[in-house]
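Student: Residue-level listing of the chains:
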Amino acid sequence: MKPLLRLLPYLRRHRRLLVTGAIAVVSSNLFTVVQPLLIGRAIDVLNAVLQKGEGATGSLAWYAAAVVGTSVIAGIFSFLTRQTLIVASRHIEFDLRNDFLAHIQKLSLSFFQNTPTGDLMAHATNDIGAVRNVVGPGIMYPADTLVTFVMVISVMVTLDWQLTLFALVPLPFVSYAVYRLGKIVHQKFEARQATYSELTTRAQENLSGIRVVKAYVREQYEIGLFRALSLDYLTKNLVLARVQSIMWPLMFLLIGFSLILTMYFGGMRVISGEITPGTWTAFFVYLGMLIWPMIAFGWVINMLQQGSASMGRLMKIMDTPADITDGPGTDRSVTAVEGALEFRHVSFRHSGAERDTLSDISLSVPAGTTLAIVGYTGSGKSTLVNLLPRLMDVTGGELLVDGRDIRTIPLDVLRSNIGYVPQETFLFSETIAENIRYGVDGGSDAGVREVADIAQLGKDVTEFPHGYETILGERGITLSGGQKQRTSIARALMRQPKLLILDDALSAVDTYTEEEILKRLRGVMKGRTSIIISHRISTVKEADMIIVLHEGRIAERGTHDHLVAQNGIYAELHRKQLLEDEIEHL
Amino acid sequence: MQEDEVLGKAYDGTLMRRLLKYLKPYRWYVVTGILLSIAVSAMEAVRPYFIKQAVDVDIKASDPHGLLMTTLGFCALMLVRGFIQYLNAYLTQWIGQKTIFDLRMEIFEHLQHLGLKYFDRNPIGRLITRVTNDIEVLNEMFSSGIVMVFSDIFTIIGILSFMFSMDWRLALISLSVLPLLFYGTFLFRRKAREAYREVRLYIARINTFMQEHITGMLVDQVFNREEKAYAQFSGINGQHRDANIKSILYYAIFYPGVELIGAIAVGLIVWYAGIEALDGAVTVGTVMAFLQFNEMFWRPIRDLSEKYNIMQTAMASSERVFRLLDDTTKVADPAEPVALGTVRGDIEFRNVWFTYNEPKDGTEPEWVLRNVSFTITAGESVAIVGHTGAGKTTIISLLARFYDIQRGQILVDGIDIRQVTQADLRRHMAVVLQDVFLFSGTIAGNIGLGNAQIPEDRLRAAARVVGAHRFIENLPGQYAGVVKERGATLSVGQKQLISFARALAYHPRILVLDEATSSVDTETELVIQEAIKKLLHGRTSIVIAHRLSTIQSANKILVMHKGEIREMGTHQELLTMGGLYFKLYQLQYKDQELPTKR
Chain A
1 MKPLLRLLPY LRRHRRLLVT GAIAVVSSNL FTVVQPLLIG RAIDVLNAVL QKGEGATGSL
61 AWYAAAVVGT SVIAGIFSFL TRQTLIVASR HIEFDLRNDF LAHIQKLSLS FFQNTPTGDL
121 MAHATNDIGA VRNVVGPGIM YPADTLVTFV MVISVMVTLD WQLTLFALVP LPFVSYAVYR
181 LGKIVHQKFE ARQATYSELT TRAQENLSGI RVVKAYVREQ YEIGLFRALS LDYLTKNLVL
241 ARVQSIMWPL MFLLIGFSLI LTMYFGGMRV ISGEITPGTW TAFFVYLGML IWPMIAFGWV
301 INMLQQGSAS MGRLMKIMDT PADITDGPGT DRSVTAVEGA LEFRHVSFRH SGAERDTLSD
361 ISLSVPAGTT LAIVGYTGSG KSTLVNLLPR LMDVTGGELL VDGRDIRTIP LDVLRSNIGY
421 VPQETFLFSE TIAENIRYGV DGGSDAGVRE VADIAQLGKD VTEFPHGYET ILGERGITLS
481 GGQKQRTSIA RALMRQPKLL ILDDALSAVD TYTEEEILKR LRGVMKGRTS IIISHRISTV
541 KEADMIIVLH EGRIAERGTH DHLVAQNGIY AELHRKQLLE DEIEHL
Chain B
587 MQEDEVLGKA YDGTLMRRLL KYLKPYRWYV VTGILLSIAV SAMEAVRPYF IKQAVDVDIK
647 ASDPHGLLMT TLGFCALMLV RGFIQYLNAY LTQWIGQKTI FDLRMEIFEH LQHLGLKYFD
707 RNPIGRLITR VTNDIEVLNE MFSSGIVMVF SDIFTIIGIL SFMFSMDWRL ALISLSVLPL
767 LFYGTFLFRR KAREAYREVR LYIARINTFM QEHITGMLVD QVFNREEKAY AQFSGINGQH
827 RDANIKSILY YAIFYPGVEL IGAIAVGLIV WYAGIEALDG AVTVGTVMAF LQFNEMFWRP
887 IRDLSEKYNI MQTAMASSER VFRLLDDTTK VADPAEPVAL GTVRGDIEFR NVWFTYNEPK
947 DGTEPEWVLR NVSFTITAGE SVAIVGHTGA GKTTIISLLA RFYDIQRGQI LVDGIDIRQV
1007 TQADLRRHMA VVLQDVFLFS GTIAGNIGLG NAQIPEDRLR AAARVVGAHR FIENLPGQYA
1067 GVVKERGATL SVGQKQLISF ARALAYHPRI LVLDEATSSV DTETELVIQE AIKKLLHGRT
1127 SIVIAHRLST IQSANKILVM HKGEIREMGT HQELLTMGGL YFKLYQLQYK DQELPTKR
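First to last, the protein sequences are chains A and B. For the first sequence, the working numbering assigns the number 1 to the initial residue and increments by one for each residue that follows. For the second sequence, the working numbering assigns the number 587 to the initial residue and increments by one for each residue that follows.
Next up, chain B with everything else stripped away, as it sits in the complex (with noise of 0.2 Å):
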């Protein structure tokens, strides 16, 4: 959060030099942008030109003709402006959001193959953050910023070259309050910025207080504190206001003030002409173009004050933006990666170590897994048991390549799995992670998760087999039914069922599961105790088991404790052994023998 308000110098070199190579496919268009507003700044320029011409010539010479030609002439120019107006706006609008459309997707991808660990690492809102808010701050910058300051600087230098030519003493003497301008300009910017910023600090405070007091006010409520919290959040709300105030202060000065400084331009420019009338070097004409040109200086000094602002929040954006696509925090594929083609499905892990933290300095990490070693004949079933903290679900996310191990080997086939890329490594398995994850859309978008190459029949009969077909038609919609964010309107044995689903459809050689510990009913328990009967037939599979019916089901069940695996064989075996096993059998497990009871 704080990290996002900090607020930096308004230029530099190297961000804008990366920023601007966004804009490349884009040049023509930026130097057409910039063209355009040229052209409106010129017409800007000329427009008091017209009131001169009618007054100077048409009027002096009583010429109605004239009058007419000279305002035909004006209303062409307005018509013209307006139109260029129109379309330069359009086009720097249109020159941002492509822009921001490519800078966000180069993110978006870039994200898709960071590793896991970055994941771990990095709260998910901070990640939204730079795809979403700080992406739209550079809008700004590549719309309205680069051509608009264009625009003003060719406005300002269109409007000073026409009053010079007019005449260039009154053309001084109008711009001697220019100084005045600039400076209070410059005071009030950054005066209105502290109280801004101060206002922002303090509507945080608010929003913080809100929060916290919102969550937590059945603490106050029990504790009577509701007169406190109330006193206190007055006390906020109040510096808030006073903040308000303060920088009302400033504008309330500001804007009189720069009426004022156009009202000395006006009494300079009548005073002086009066002088110069003297020797009738001036005419009526040229101080009402005068009159006009003092009103139209002030916009484009006020829009350029603007900028420094836009370019602020820009340079911090990128700087965020930028390093996260220069985080290169990957599970790396090989460079001359082995096809694993068919797959058998033999797995073994051989003397593996794997700590989530490698400490820098080099000193012992904390393992997650000891010098794990077993293998996997193909079509075999394995169950993996533990207590909490086991290294259980870190075997998973190891075979399915989530991270790279420091020491050991894992194969696939015989291949080590660093040898071949990660998509063709999970191409051939199915994971199911123990909390479901549906994604909003459809059910047979969950199912399939968009493979083309996966047709209807086949979500329809993996779904059939694992027992999600009679749930799925009695839905509204059935298969085309809409999935809320998260499966909110699902139960969690539907989600499971359709987790389960998802992994048949996919037909992999080789099974992962993570069994969720969140209790069903005994109906729905039936069900998925057969579907993950029927998801094991036939494949390699690897159970981290909470059900003793997976259990009893498998070739072979590892025992896990504390990182290292402490017993292996099957069920009777183990239970006779009398050991760590046993012990978990009775406290987790043998329940379930009566599935009635709880």
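Chain A on its own, in the form it takes in the complex (with noise of 0.2 Å):
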């Protein structure tokens, strides 16, 4: 339980809702519990009136009016328990999931390689749901199983001790019912759920692999396998079924021995003339109303138990520390970035790897030149422009941005001078322009049709439904891959950055269109430093300087005809070119 001691903070800042709901609830239990003592005075009036025929009937229509009166009030405060503790409930859920993705927002890459996003979405909603739930539900229905519980408790020993006595035995005995019962469901429950992912998981293999399937004729054998997993899944459910079938029949059965106690022995007293028969009825709807409570009482604590179980894996999260911020280093007068780069003896290992990434990287880019990098998969590309805005921090040697270490720089005025285009287009599910504007605060729609057109994307989204409106992803259009990196592009050219990242930007855009946009951005990208990765000479061979990137380390340097003539890796990787081009023509 002692993770849920984490929700305090969130708890006091709604403490008025929570009080005046614990006030809600206490008040609404109050009438609740006196509506059984009216109708029992109603039943001894009418027990009167039948017996000795006298004629007092007119105060069974005051106890009427009183069960419905009192029932409006109780129902009013009913009403006021449910719009405090569990709108609170709800406002403490908005915190928390705002807070979680304040925190994740601060981490860093590796964390993103080392955690499933389904991992996190898992958090942000399973496990913050059941953290609710502990402050709603788990607030009021003990809250209301405590009251009524004294409450009732308190009148029915009044009216008769003794009978309170018998009629309570079998009570606790729900509560623990329900608590094992609950936790046994529980485990089943997850027993079956183990099972129903392997089906799923065997669907999906199944399907995936359904050209080994029938290439090798095995869908009798694959029904078969299917068979036997949907079998087990049944079994499993019947196991789960036999387990909940029980729950409710037991718990009627020990109310019932309630019921049976009252009966018999509260029958006797009455003949005995011990207790009137309207107590005696009033027992019985008192019973009736401790059962609720008796069942949501062991129901409670499992939901406790799971609550506090997610609220400690939010806690991993939110406890993770994030390694790329601002620090003690951070020279804030720093305001602008020219982008003059230096590498000197960088390395760069991921934690947990048994080799470096990079490996002595010692590398000098004037402001206002253009790199570029070209090197096999694997060579460590992205890897040194990810260095660029601290998606990483090296590991070795030192990474100079205008002379300075970079972790001097403030974060955010280092980020905004860089236009990054990643290797991996990612645009979000908003409209063109709002995806290009990504960047900036405002941005004019002048603005944004420039940096299209030096993408060469205008003239495509002239094609598109609603022009700069229109919307990509799962509720728009879908971007072809070239399409993609030119948005990308464009998005990257709306900051007017210092220092331009091109990762493989241009490999699904055609040749012809990629002269076009390389010719443009040699133009917009004069005084500014670019640095771009591509597998096509074509892309950078114009730059002022080359260098090809093998295993972490740098392999050759220098210009296009230097590298050429050189007849390395690069001059190989020119001659292919050459020839691919031709193939293309035949």
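For the record, the hints were derived by calculation from the structure and aren't laboratory data. It is possible that some hints are incorrect.
[Stated by the list, open to error] Just a few of them, taken from the derived set where beta-carbon distance is under 8 Å, the chain B residues facing chain A:
1) Leu-713
2) Phe-768
3) Asn-793
4) Glu-798
5) Gly-802
6) Met-803
7) Ala-859
8) Ala-863
9) Arg-1013
10) Phe-1023
[Unchecked claim] Quick list of in silico lysine to aspartate or glutamate cross-link-like pairs, EDC-like style, CA-CA up to 20 Å:
11) Lys-519/A x Asp-544/A
12) Lys-236/A x Glu-1150/B
13) Lys-236/A x Glu-722/B
14) Lys-814/B x Glu-434/A
15) Lys-684/B x Glu-198/A
16) Lys-188/A x Glu-722/B
17) Lys-236/A x Glu-726/B
18) Lys-52/A x Glu-862/B
19) Lys-978/B x Glu-862/B
20) Lys-814/B x Asp-510/A
21) Lys-188/A x Glu-862/B
22) Lys-519/A x Asp-460/A
23) Lys-814/B x Asp-412/A
Ideal placement from N, C-alpha and C gives every residue a C-beta, glycine not left out.
Mind assembling these two chains? They're in different frames, but the hints should get you there.
Tutor: Rendered as structure tokens:
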């Protein structure tokens, strides 16, 4: 239960709602408890009328009105309870979810590489939901239970304490049974869910591998396998059904014993004249009122346990420290970046990895020049450029921007001067204009059009149903790979960055369009630094400097002509692409 | 996704009749379930009667023995009722689960026999939803739904008949609140459902936003968008909260409202009993029984209104399920198939034209293969080369008859493959696909694919021939070693060797191989080259080749370009021609002559 203590600050924030709620719960129950008393009195009056023939039935109408009246007042308080306690739980859910997002926003690339998106989603939905249950129903029902319990029992004791004892004997068993059975149900349910996901996985595998299944004529075998799993699932379901089926009958049986005890012993006491038939009736009604709280009690304990486990999981994420942030070494006086880069024996190693991804990179890129990077897959190209917006920090050597250590520049200053076009294009399901404007505040329509034209996207946009207001993604249109890349380039250009990074950002664009984009880029990027990663020689050949990365090291460096003359990796790439072009044009 | 959200009407005769067919094998169980429900309802209705007996007879007569008997009778009733209730709850679940099992197997079997074309068109995620989610929804209808509807109706009837037989005037008076209850419940259900739908909408938005911004977190960070994204999220999150608060309002009104209606009924009973008491027309016991009935009435009415929701989702799900079952995108086996018998392995493509998408309006389709003709004599090996998109993989798919061709003929041993069953045809060939697909299970299971006719030593022999034996022996568990989903723990090279062993274990006459392009280390490369040589030895083979060694050892090379065969001949012949092959060779294969250099 300890993780639940972390909820205290959240509870404090909504204490007014919670306190009002507590008062409402008590009041509502006060008025509910009075009702059986009224009914009991009414029965006594009725009994008297029937036995003695006295015509005092007018008071019965008064009792009837009182029952309705107290019910109205109890109803108002019960309404208030839900409007405060449960509403507070929704506010706390809101706070928790916001805080969760705010926290993970501060975490770096390595966290996301090691944490599956599905897990984070599960925390944000299931776990926060389980915690909310603790705050809302988890407070309301125990409060309800406690108040009802204390009041009902004290009334019952004043009526007839001996009968109260008899009647209450079976009730603790109800709570205990709910608690125990609830636990077993939870276990059986988990077991069933496990088989269910196995079944889903099997279906997934079978359908993904349907070609193999068909090629080797294994359909019947696959059906057999699936049947076995389905049968297992059937069995697990029936086991669960057995436990669940016993729950309610058992509950009613236990409660039934209460009724039986009240019936016999109460009846005997009526016969002996110790209590009136009205009191006896009231006992039945009170017993009815105790049933639900007793059931809720066992249920709430399970809920608290699950909520506590969920809170624990949430806290594990919330307690993960943000590793790339401004620190004590940050120089707040830096407000602009010019774009001169210098790598001094830079190396990088992923945590837990055995080898360096980058080693001994020394390189100087003067402000306003273009650096191109080529190399095979896995040679460390993307890692190298990821160091610049500090998606990752170097693990060895020094990286200088404008002559100062990159870590001394405030993170927001550094990043707002970088236009980054990642290798895997990621656009949001918003309009094209919103995507292009993503990295700037405001940003005029004319500005959006201008950068879209540079990225050769303008013509495509005119053909979309709503132009720049066309929504992308699930609810809108799907862009082609090339269109996505060009949108991503426009988004980077929109920031008018001092440093532009294109990580293989033209791979899905055809060569003609690429040529056009590069031509326009050279114009706008005059005086700014660009870093271009590409597999295509045509993309990089005009760069001021080209480096060839091989297994994390700089294998070759120089201009295009220089590298072709060297007859190394670069020259080989160059030859192959000439041939490729020739085949394309056959 | 959206397709799965739409809810329609709660009852559709055609769908319902079709659904009920699945209950037919269990009809006697259903009848038993209904009978048990009636018994439970009857006992439920009898309960207040015992209390009346205790008050009006036993206590009035001051008869302790009678009270004991009545109590014992009540006790027995509770026990029997509990037991029957348990039996019934279990039985209804049993019926539901059995029915669902049948339906799930029917869908799965249907999926196994659909043509690949169907899988090209339908995302796997959606199909899985049919086999899992949609069916789970139907479970609720089959189990609790149908039986419980009867039970609830009988409970209501039972209570009503007791009430009227005891005191019809009091019955009418206490039932006078019923319209209010019905109307209130109806209104609440509608409002609550609307609110719930709104909540669902915002949950979906929260999920989409989260998913998107977790996946795109780096973009947010690099573009300094954290604060804006947070504000945006907070907005959606707030809408979700507000929608929930709105639905809380309905509950906050509804629950006390129901209590109040109950209290009004109690008030009416007390008040009217007073009036009747003047004539001595009522007993205390009757009044107490009525107070009990009043409490019992509420549950079955609430349950019935819940059934409406269950039916509505069940109808929507069953419609999707039946649409899948009615789809007949299949490669059809002939009515009177020719048996292939022992296959020599001659293959001929005769003027084959093929497209994946036949336009419905009769316009000229985009042909993937155009007039492709070639022959392979039994025992020969043929390599297919060509640029991406030239139609190489299609040739393989057609030979295995994953798709049917539009024009021309494909012959095996001179027999058109459309004249034999697919099972018969594929029994004689082994297809090794480019992306090796491994199932979770064991190594042996992945080689034999669970074929009981392939004994363990044949699996091992196959693995030994292709050179997979060595690494398998070193795995924990060896042949019984665990393969994770998609073979996650195995290297690319190891997966390929397993797929080779798989092909070989089936002793095919015809081998179809789509070589993987992904690079492996030099040592594994040599093992793989050796394995391919052994695979091809002595059988008819078609290989989409990426390896120089494979091409050089082929008897014939087909050079494909944009769906046509451009050149055909041996390696040397084609090289001297100096055409397309020559260029492809220089681009893709020449470097491989020096395996040490990348």
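Student: Compare the structure with each hint and give your call.
Tutor: A quick look at each hint next to the structure:
1. Leu-713: holds (6 Å)
2. Phe-768: violated (19 Å)
3. Asn-793: Since chain A brings a Cβ to about 7 Å from Asn-793/B, closer than 8 Å, the hint holds.
4. Glu-798: Constraint on Glu-798/B satisfied, holds at 6 Å.
5. Gly-802: OK, holds: Gly-802/B within 8 Å of chain A, min 4 Å.
6. Met-803: holds (6 Å)
7. Ala-859: holds (6 Å)
8. Ala-863: Constraint on Ala-863/B satisfied, holds at 5 Å.
9. Arg-1013: holds (6 Å)
10. Phe-1023: Since chain A brings a Cβ to about 4 Å from Phe-1023/B, closer than 8 Å, the hint holds.
11. Lys-519/A x Asp-544/A: holds (15 Å)
12. Lys-236/A x Glu-1150/B: Violated, because 55 Å separates the two Cα atoms, which is more than 20 Å.
13. Lys-236/A x Glu-722/B: Distance ~14 Å between Lys-236/A and Glu-722/B Cα, so the pair holds.
14. Lys-814/B x Glu-434/A: Satisfied, since the Cα-Cα distance of roughly 12 Å is no more than 20 Å.
15. Lys-684/B x Glu-198/A: holds (19 Å)
16. Lys-188/A x Glu-722/B: At roughly 17 Å apart (the allowed maximum being 20 Å), Glu-722/B and Lys-188/A satisfy the hint.
17. Lys-236/A x Glu-726/B: Since the Cα atoms of Lys-236/A and Glu-726/B sit roughly 16 Å apart, the hinted pair holds (cutoff 20 Å).
18. Lys-52/A x Glu-862/B: Within the cut-off at roughly 15 Å; holds.
19. Lys-978/B x Glu-862/B: violated (94 Å)
20. Lys-814/B x Asp-510/A: At roughly 34 Å apart (the allowed maximum being 20 Å), Asp-510/A and Lys-814/B break the hint.
21. Lys-188/A x Glu-862/B: At roughly 54 Å apart (the allowed maximum being 20 Å), Glu-862/B and Lys-188/A break the hint.
22. Lys-519/A x Asp-460/A: Roughly 19 Å separates the two Cα atoms, so the pair holds.
23. Lys-814/B x Asp-412/A: holds (14 Å)
Hint violations for this structure: numbers 2, 12, 19, 20, 21, all remaining hints satisfied.
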